[in-house]
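Visitor: Please work from the sequences and hints to get the whole structure.
Going line by line, the protein sequences match chains G and H.
The numbers in our numbering rise by one with no breaks, and the one at position 11 of the first sequence is 11.
The numbers in our numbering rise by one with no breaks, and the one at position 3 of the second sequence is 3.
Source of the hints: derived by calculation from the structure; they are not laboratory data.
All C-beta atoms, glycine included, are put in the ideal place defined by N, C-alpha and C.
Please note that the accuracy of each hint is not assured.
Residues from chain H that keep clear of chain G, each with C-beta distances beyond 12 Å, as calculated [to be verified]: (1) G41; (2) S85; (3) T87; (4) A91.
Derived DEER-like restraints, expressed as beta-carbon distance ranges [to be verified]: (5) G:A54 to H:N18: 43 to 49 Å; (6) G:R97 to H:N18: 32 to 38 Å; (7) G:P61 to H:Q81: 35 to 41 Å; (8) H:T58 to G:G16: 28 to 34 Å; (9) G:P8 to H:T45: 31 to 37 Å; (10) G:R38 to H:A29: 41 to 47 Å; (11) H:A10 to G:G3: 27 to 33 Å.
Spelled out from the first residue to the last, the chains are:
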Amino acid sequence: GAGVSQSPSNKVTEKGKDVELRCDPISGHTALYWYRQRLGQGLEFLIYFQGNSAPDKSGLPSDRFSAERTGESVSTLTIQRTQQEDSAVYLCASSKRADGGYTFGSGTRLTVV
Amino acid sequence: KQEVTQIPAALSVPEGENLVLNCSFTDSAIYNLQWFRQDPGKGLTSLLLIQSSQREQTSGRLNASLDKSSGRSTLYIAASQPGDSATYLCAVRPLGNLIFGKGTKLSVKP
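Guide: Following this line, the structure appears as structure tokens:
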């Protein structure tokens with residue numbers, strides 16, 4: 001597509017439920033990134049996929065967080081047993097190559113009640 | 001460990017002023033540096049991308065410079081307008097993920 005597409009745009013969930021967030025990168029972009037931004041805070045790196053290489057999971061805050069990506073297509077970020085501190089905007093970005101610029105999606109605003 | 005610092009954290013100027021936002025980073029081993037704009041409640045919009053071999057990039061009223069050896073970049077905004085009000089983020093790219101500064105919140109008063 002023309003840009004990075006994220007869905008849903010907003011998600012309200014009850015504490016303890018699992019949620020799945022989706023990111024559809026720009027076609028041909030081999031690199032895909034997930035970031036989290038809590039209210040009033042900076043961007044926090046979560047996970048990075050580059051082609052068929054093993055993902056860099058160093059930013060995932062706990063084992064409740066996981067992400068998958070098949071090839072160079074859609075990625076899903078799953079948060080299990082959600083907690084209130086998981087409330088944030090989850091941003092996805094893709095990049096064509098290692099020295100390319102990033103294009104961000106509009107994000108998914110997650111609210112855990 | 002790469003760290004990105006943006007100064008000032010907030011800036012308020014009257015419409016029409018030229019202004020400079022500063023970004024510094026601790027490790028010069030980067031592929032590129034990118035400036036973004038973030039409006040409240042929105043995602044990030046890319047403004048300018050400077051490759052490590054470049055010194056500056058321009059787009060309209062925006063000009064970004066990069067001095068890799070000193071670990072500094074500046075974003076120059078000419079003839080500021082109220083529509084420029086947003087948070088401006090600087091990010092550097094070593095191998096792997098982008099590392100962001102905390103941003104400069106700009107307010108341009110009519």
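Visitor: Does each hint fit the structure? Answer for all of them.
Guide: Results for each hint:
1. G41: G41 (chain H) not clear of chain G: closest Cβ-Cβ about 8 Å, inside 12 Å.
2. S85: holds (17 Å)
3. T87: violated (10 Å)
4. A91: At roughly 8 Å from the nearest Cβ of chain G, A91 (chain H) sits no farther out than 12 Å, so the non-interface label is violated.
5. G:A54 to H:N18: 43 to 49 Å: Since A54 (chain G) and N18 (chain H) have Cβ atoms about 47 Å apart, the given range 43 to 49 Å holds.
6. G:R97 to H:N18: 32 to 38 Å: About 34 Å separates the Cβ atoms of R97 (chain G) and N18 (chain H), which means 32 to 38 Å holds.
7. G:P61 to H:Q81: 35 to 41 Å: Holds, at about 39 Å.
8. H:T58 to G:G16: 28 to 34 Å: violated (51 Å)
9. G:P8 to H:T45: 31 to 37 Å: Given about 21 Å between the Cβ atoms, the range is violated.
10. G:R38 to H:A29: 41 to 47 Å: Distance hint for R38 (chain G), A29 (chain H) is violated at roughly 29 Å.
11. H:A10 to G:G3: 27 to 33 Å: Between A10 (chain H) and G3 (chain G), where Cβ atoms are some 29 Å apart, the hint holds.
Consistency with the previously given hints fails for numbers 1, 3, 4, 8, 9, 10, ordered from lowest to highest.
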